[in-house]
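Going down the list, the protein sequences come from chains A and B. My numbering numbers the first residue of the first sequence as 1 and each following residue consecutively. My numbering numbers the first residue of the second sequence as 1001 and each following residue consecutively.
If you're looking for bench data, these hints aren't it; they were derived computationally from the structure. Ideal Cβ placement from N, Cα and C applies to all residues, glycine included. You may find that some hints are simply not true.
Cβ-to-Cβ under 8 angstroms is the rule here; a few derived chain B residues that face chain A [said to hold, decoys possible]:
hint, residue
1, G1148
2, A1152
3, D1156
4, I1157
5, R1159
6, L1160
7, S1163
8, T1165
9, A1166
10, Q1170
11, F1172
12, R1251
13, Y1255
14, P1257
Derived lysine-lysine pairs resembling DSS-like cross-links, with alpha carbons at most 30 angstroms apart [said to hold, decoys possible]:
hint, chain 1, residue 1, chain 2, residue 2
15, A, K3, B, K1162
16, A, K239, A, K126
17, A, K175, A, K10
18, B, K1174, A, K89
19, A, K3, B, K1174
20, A, K175, A, K225
21, B, K1174, A, K10
22, B, K1162, A, K89
23, A, K225, A, K242
24, A, K225, A, K89
25, A, K126, B, K1047
26, A, K89, A, K239
27, A, K239, A, K175
28, A, K10, A, K126
29, A, K3, A, K225
30, A, K175, B, K1047
Output of the computed footprint for chain B on chain A, the stretches with three or more beta carbons under 8 angstroms from beta carbons of chain B [as the list claims (entries may be wrong)]:
hint, segment
31, 78 to 85
32, 101 to 109
Each chain is listed here by its residues.
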Amino acid sequence: MAKIRLEFRKVTKRFPAQQRNGEPITAVQDVSFTISDGEVVSIIGPSGCGKSTLLNMGSGLDPVSEGQVFVDGELVTRPNEHVAFMLQKDLLLPWRTIRENVELGLEIQGRPAQERHRIAENLLAKCRLQDFVHHYPHQLSGGMRQRAALARTLAVDPAVLLMDEPFSALDAQTKMVLQQDLGRTLAEAGKTALFITHDLAEAIALSDRVLVMSQRPGRIIEEIKVDIGNRDNPMERRKSPKVGPYVSALMELLHIDQAAA
Amino acid sequence: MDALLPQTSTQRMMIGSFVLLILFLVAWEWLPGLFGIPAFIIPPASKVWDEFLHMLANDRLLFHTMITAMQVLVGFLLGVLLGMIVGFVLGMSPTAEFMLSPYILALQIAPKVAFAPLFVIWFGYTVYPKILVAVLIVFFPVMINVLGAVRAIDPDIVRLAKSFTASRLQVFWKIEFPAAMPPFFAGLRIAATLAVIGVVVGELVGGNTGLGYLLTFGEGAGNTAMVFVAIIMLTLIGIALYGAIVLIENRILHYLPARARKTA
């Protein structure tokens, strides 16, 4: 049994009521799961089911209402160096060059300049951005910017990567290229990741397991082990005939056909 | 071939600009006379130039110009510093902004130059009332722009920094401060022109130094050319300050796309 990197133990999150005398809103309820070292797990679910809330609690930015979150066996109470997150927006700082952007986390953690440059340049080469090290974000395309954001996330060498629909703002082809980059990079580095998406094919192409959440209050209603192989090569995986049945199963669970009827 | 085109078009525009200047000076020199406008209403360019040379030699024009320039610069720097600090503090503390906003609004609406007589009563015929008017008038555009910039920062960027375990101070220096720079410089450009206004009004109200004093002196003596010279010198001070800001801005905001910067 591989080491457990991320664990949610009976986690519930409630937000205060919007109006006076209103009921507090329960975003997620009683969520428990674990992610082992090197695993990539996706969470899918209807919009508003609290997927992003899970991620915020995992990164320590939002406190849990009940239950506990552990990263590498340590209870998460505030942001810590074991976790790094990546969002749909690239959040690159316009006044920093691409390399300086990648170094942001390392800089905050007080790492020496030479080490920062080495790590950043290394990662940018892996993300095929070696020719754009000294460019500014506005000079890059959306896909390239998101690759730079991935490099920034990996730069702090987190135990767990939390990703919230990182590719949903990209066009379909760029998205597939980036999924390929991510699949390969995660496999090469042996990284553990929690990946939030609403794209069923993306979830299947990238992950070892898919957790399906219900409508609010979000609960995990199903766990599907993706048994296709080629997790380091999402492009190849997409071509597998086994993908179809997985997508149908997920559609069934999410009642997508009923919503369309 | 194509690379040469912009350069020649720039040259052409500069030549056009120069021709326009010559035309303007010619019109100034002879048009008023043609229309029978007397020299005490609009003195011709040559007369203003003679007056300029005369004032340099006899009226300590350089001394008065330096006094005004010094007051503009000091008032500008103090006002900018104050506006920046208050802008950041209010931007980061919604509570402080809520409590102070009625007073700030009132002070912002009040015409700042109307405070000049009050400051003269308080500080006499010294440099302080002039500097103080400049500080007051410069403060607002800078503060408002910095405040707005801090408010406009995407909270997700701050969360990103925090997820990297950034301290409050690190969030300020690495995110908030640099993010506020473009609006801050926009505020500085407005403030530069306002600083000159503030000082001149201070000088008009009281004192015996500065270009504002020469303005009232020229007016009292019926010396229209002297008034013209003083106005031109004031404009030159404003241009110098504005130009310095544009230079600094181009160095600091070099990362902005060229089209976002190209205003001057």
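Hint by hint, here is what the structure shows:
Interface restraint check: G1148 of chain B against chain A, minimum CB-CB distance 17 angstroms, threshold 8 angstroms, status violated. For A1152 of chain B, the shortest C-beta to C-beta distance to chain A is roughly 13 angstroms, which exceeds 8 angstroms, and the interface hint is violated. Contact between D1156 of chain B and chain A, as hinted, is supported at the beta carbon level, the nearest pair being about 6 angstroms apart and thus within 8 angstroms. Because the beta carbon of I1157 of chain B sits about 5 angstroms from the nearest beta carbon in chain A, less than 8 angstroms, this interface hint is met.
The beta carbon of R1159 of chain B is positioned within 8 angstroms of a beta carbon in chain A (closest approach about 6 angstroms), and the interface hint is therefore held. With a cut of 8 angstroms, the hint placing L1160 of chain B at the interface with chain A holds, because the nearest CB-to-CB distance is about 5 angstroms. Taking 8 angstroms as the C-beta contact cut-off toward chain A, the hint placing S1163 of chain B at the interface holds, the least distance being around 5 angstroms. Below 8 angstroms, beta-carbon pairs count as interface contacts, and T1165 of chain B has one with chain A at about 5 angstroms; its hint therefore holds.
A distance limit of 8 angstroms between C-beta atoms decides the matter here; for A1166 of chain B the minimum to chain A is near 5 angstroms, and the interface restraint holds. Satisfaction of the interface hint for Q1170 of chain B is found here, the shortest Cβ-Cβ separation to chain A being roughly 6 angstroms, below the 8 angstroms cut-off. Annotation: F1172 of chain B was flagged as interfacial toward chain A, and the flag is violated, the nearest CB pair being 12 angstroms apart, outside 8 angstroms. For the restraint placing R1251 of chain B at the interface with chain A, the shortest Cβ-Cβ distance is roughly 13 angstroms, beyond the 8 angstroms limit, so the hint is violated.
A cut of 8 angstroms between beta carbons decides the hint on Y1255 of chain B: the least distance to chain A is about 5 angstroms, and the hint holds. Checking P1257 of chain B against chain A by beta carbon gives a least distance of about 5 angstroms; that is within 8 angstroms, so the hint holds. Distance restraint check for K3 of chain A and K1162 of chain B: the Cα-Cα separation of roughly 27 angstroms lies within the 30 angstroms cut-off, and the hinted pair is therefore satisfied. At roughly 25 angstroms between alpha-carbon atoms, K239 of chain A and K126 of chain A fall within 30 angstroms of each other, so this suggested pair holds.
For the suggested pair K175 of chain A and K10 of chain A, the alpha carbons sit about 34 angstroms apart, so the restraint of at most 30 angstroms is broken. With a C-alpha separation of about 19 angstroms, the suggested pairing of K1174 of chain B with K89 of chain A holds against the 30 angstroms cut-off. Between K3 of chain A and K1174 of chain B the CA atoms are separated by roughly 36 angstroms; this puts the pair beyond 30 angstroms, and the hint is violated. Between the alpha carbons of K175 of chain A and K225 of chain A the distance comes to roughly 23 angstroms, so the proposed pair stays at or under 30 angstroms and holds.
Between K1174 of chain B and K10 of chain A, the direct Cα distance comes to roughly 37 angstroms. Violation of the 30 angstroms bound is thereby established for this hinted pair. Annotation: proposed proximity of K1162 of chain B to K89 of chain A holds, straight-line Cα distance about 16 angstroms (limit 30 angstroms). For the proposed pair K225 of chain A and K242 of chain A, the alpha carbon gap of about 12 angstroms is at most 30 angstroms, so the pair holds. Distance hint between K225 of chain A and K89 of chain A is fulfilled; the C-alpha atoms sit about 29 angstroms from each other, no more than 30 angstroms.
Under the criterion of a C-alpha separation no larger than 30 angstroms, the hint pairing K126 of chain A with K1047 of chain B is inconsistent with the structure, at around 72 angstroms. A C-alpha spacing of about 29 angstroms is found between K89 of chain A and K239 of chain A, which places the hinted pair at or below 30 angstroms, so the restraint holds. With a C-alpha separation of about 16 angstroms, the suggested pairing of K239 of chain A with K175 of chain A holds against the 30 angstroms cut-off. Simply put, K10 of chain A and K126 of chain A have alpha-carbon atoms about 38 angstroms apart, too far for the 30 angstroms limit, and the pair is violated.
For the suggested pair K3 of chain A and K225 of chain A, the alpha carbons sit about 18 angstroms apart, so the restraint of at most 30 angstroms is met. For the proposed pair K175 of chain A and K1047 of chain B, the alpha carbon gap of about 72 angstroms is over 30 angstroms, so the pair is violated. Only residues whose beta carbon comes within less than 8 angstroms of a beta carbon in chain B count, and the segment 78 to 85 of chain A has 6; three or more means the coverage holds. Beta-carbon proximity to chain B at under 8 angstroms applies to 5 residues in the segment 101 to 109 of chain A; the threshold of 3 is reached and the given coverage holds.
Comparing the model with each earlier hint shows violations of hints 1, 2, 11, 12, 17, 19, 21, 25, 28, 30; every other hint is respected.
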